[in-house]
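Engineer: Spelled out, the chains give:
2 protein chains.
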Amino acid sequence: MQEIKIALVGFGNVGKALARLLEKKQALLNTKYGFSTTITGIATAHHGMMIAPSGINLNHVFDHLNNGNSLDELCITPLPSSILDFIQTVQADVLFENSPVNHHTGQPAADHLKTALECGMHAITANKGPVVHAYNTLTSLASEKQRRFLFESAVMDGAPIFSLFRGPLPAVELRGFFGILNSCTNLLLEMMEEGKTFAEAVEYGKSIGITETDPSADIDGWDAAIKVAALSTVLMGIPLKPDQIERSGIREISPQMIKEARDAGERWKLVCSARREGNSVTAKVAPQRVKSSSPLFTINGTSSFVQFEMDTLPGLGILESNPSPETTAYGLLADLINAVRGG
Amino acid sequence: MQEIKIALVGFGNVGKALARLLEKKQALLNTKYGFSTTITGIATAHHGMMIAPSGINLNHVFDHLNNGNSLDELCITPLPSSILDFIQTVQADVLFENSPVNHHTGQPAADHLKTALECGMHAITANKGPVVHAYNTLTSLASEKQRRFLFESAVMDGAPIFSLFRGPLPAVELRGFFGILNSCTNLLLEMMEEGKTFAEAVEYGKSIGITETDPSADIDGWDAAIKVAALSTVLMGIPLKPDQIERSGIREISPQMIKEARDAGERWKLVCSARREGNSVTAKVAPQRVKSSSPLFTINGTSSFVQFEMDTLPGLGILESNPSPETTAYGLLADLINAVRGG
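Taken in order, these protein sequences are the chains called A and B. Residue 3 in our numbering sits at position 3 of the first sequence, and the numbers go up by one each step. Residue 323 in our numbering sits at position 323 of the second sequence, and the numbers go up by one each step.
The set of hints was computed from the structure by calculation and includes no laboratory data. Take the hints with a grain of salt, since some may be wrong.
One copy or two, either will do: identical chains are not told apart, so a pair holds if it fits within one copy or between any two.
[As the list claims (entries may be wrong)] Below, simulated DSS-like cross-link-like pairs (lysine-lysine); rule was C-alpha separation at most 30 angstroms, straight line:
(1) Lys284 with Lys145
(2) Lys24 with Lys259
(3) Lys145 with Lys32
(4) Lys241 with Lys32
(5) Lys32 with Lys196
(6) Lys206 with Lys24
(7) Lys259 with Lys206
(8) Lys145 with Lys241
(9) Lys241 with Lys114
(10) Lys206 with Lys32
(11) Lys284 with Lys241
(12) Lys291 with Lys114
(13) Lys259 with Lys5
(14) Lys291 with Lys196
(15) Lys32 with Lys291
(16) Lys259 with Lys291
(17) Lys196 with Lys284
(18) Lys206 with Lys241
Sequences and hints are given; from them, build the entire structure.
Structural biologist: The structure is reproduced here in structure tokens:
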């Protein structure tokens, strides 16, 4: 049985869900995919870091953190001086990078992934930043090191998007796509349909934890734009940065506009779209009124949807309903399995 | 460059679209996938059959058939005595089986595919019948012969369903699914929403060629049921035959029922569903009123949709918009590429 040693950078909801999922799926990984996993290190920004070469005790780690302690106290080796030092000394086979996104630089995630690849690890992330800002660098480096740089969860949580084009969709030419890729704004617009003003919806969103303290990345369309940029960069082979995308958010949507749409049997949605034109791509994120005949009409709550237009398949839509940190963790697990088996 | 010799059984709209698609994608197959294709034989039920070991001239074949001639006249080898004889003598690497479906036996397609595998060919089909009636036999035989039995186009034209579970969705447990899998009834119900009676819709459907002369396979839910059976058999590993599925068609849907649904903001759809319970599956095909919050609400025209519920992904929907024979042909091409590269 091949043992795969795993290091985690970032141990928030997604990192924790991944650790639990690895435990839950261990028997299946052994029997069906021929490998076992051992988490040998965890590094966080604010709760310390630990290396345990023979594997961590997950329940112990959870208890320790829940009691407000630092992971530093569980580190068996000399304490790494930084996250980069952690990556260089942890001696794992795979790094999962789940630090917070930086829409404008992709850092420090991109450096973490680069260091992991340089150390001979597969580099897997749910972080959009490095996909948009360092895709070519990291992919070339991975190829040179005969390792993989994978990021299935970066755009639609765990729904298969990138692996779909690597495997089941050979010989297609992707001409364009449209969809709803930001769940926060989708929920805010739905709350406005239920009678709230924009400001009330944002406040309510904050109170239940679906809206960030600084919600501008979602509301102004940056999160959607970086996802469009990631899809264009990877699936169309045309690198695009978020600031190259025509972008308007949902701040200007008024209760009156919501009412007028509803009276016409339509709904406001923050719509992403991209279209290839020769060797360039024209991309846009903007609120649009969608008709009841559009597949976007029924995208509710935190669900997301993307429809691809290809030369051979005029419209292939992928819908993800009810995602959670567990869904994102599944995308990371799928990447791990594909890295190990070459899928 | 590896040359892949191809034999076609069935040369209707899908077979012809496949032949054209192979021609169109030839340069890409060469450069990206490292093989070329040559069609060395075509067998039809009513327009003769031909074998041309060095390859057919596609335009010549089309002209010949368009002029009402039989393929027999183009056969360079001794004329095969039957389709099975054709398969045994054509000496191809891949058989594409596109004969009409038999919902109750899967024949003669299943025998065609079996013979192809016995002769050492990959066996690829868009025909649901053999998937439901001979999946285990054909899959075992393919494995024994180190060949593939593939059928991506059998359930949702060219949309990737089966390859999705082979590749991008490792380590999942499929718990159930629901969807709209029959496009004829979906169109008939839409025509009724536009004011036609059921009988008028069927007559109009016949006049524009979307409804079969004997439309009972669609209208009574057999086509949907066999698709549900195929998904259960292959994706859940639980063999199911169409007559084991609780099934009711759309004959009883009246204009009054359509109106009542519309007044309530709902639509009648022929809904397929299946749910795993231990080692068995409960499956159903029946008309249902769907709400505007359901992803089924926006499935129009000949589009189809299926949503999978898995342990790790609570809802993953696949939508196919505007399929055509070219879409089905693409699924066959994808199977070919996956057979050759082992995907």
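Engineer: Against which earlier hints does the structure fall short, listed by number upward?
Structural biologist: 1, 2, 5, 6, 10, 12, 13 and 15
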